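All residue numbers for the sequence shown refer to our numbering, where the first residue is 168 and numbers rise by one.
Fair warning: there could be bad hints in the mix.
[Unchecked claim] In silico DSS-like links for lysine-lysine, alpha-carbon gap of 25 Å or less: (1) 212 - 170; (2) 212 - 169; (3) 212 - 268; (4) 169 - 268; (5) 170 - 268.
The set of hints was computed from the structure by calculation and includes no laboratory data.
Computed from a prediction, not measured in an experiment: that's the story for all the values here.
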Amino acid sequence: MKKATEIFYNALPILGMIGLVPLIPNDYLLAIVCIAIIVGAFLVKRVRYDLVIFAVGSFTMILVEWLFISTGVETFNRNSLLGIMPIWLPVIWGYGFVSIKRLIEIIER
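Work out the full structure: start from the sequences and follow the hints.
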């Protein structure tokens, strides 16, 4: 049961950020709120390399999303980052990478 609780708490920031997408129409404000949630999550628990994983995840997903958009696989109505995607999307993806890393660590214990 302890692992299930840890997994639930690990998922809360992601669920919260995704839940805010339809509620906050301003992309820049949403990005700031998501960054605040991530900072709060890192203040609660930050493990070695979390920031590196976050940065790599954010940058990687900018490239992957750009590839999908350029091939027509995806389109976004909100395109505040370089005119191609919402500015908050790589922020959420970056923390998603951290969350996945933490999930794997919880499962392996």
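Subject >> 25 Å limit on alpha-carbon distance, applied to hinted pair residue 212 and residue 170 >> reply: holds, 16 Å
**OP:** Decide if the proposed pair is consistent with the structure: residue 170 and residue 268, CA atoms, cutoff 25 Å inclusive.
**Re:** Given that 25 Å is the threshold and the Cα spacing comes to 14 Å, the pair holds.
**OP:** Would you mind confirming whether the straight-line C-alpha gap from residue 212 to residue 268 stays at or under 25 Å?
**Re:** Holds, because 13 Å separates the two Cα atoms, which is no more than 25 Å.
Original post:
Is residue 212 within 25 Å of residue 169, Cα to Cα?
Top reply: Satisfied, since the Cα-Cα distance of roughly 16 Å is no more than 25 Å.
Subject >> Hint consistency between residue 169 and residue 268 [alpha-carbon to alpha-carbon, up to 25 Å] >> reply: Roughly 18 Å between the alpha carbons, so the hint for residue 169 and residue 268 holds.
Checked against the numbered hints listed earlier, the structure breaks none of them; every hint is satisfied.
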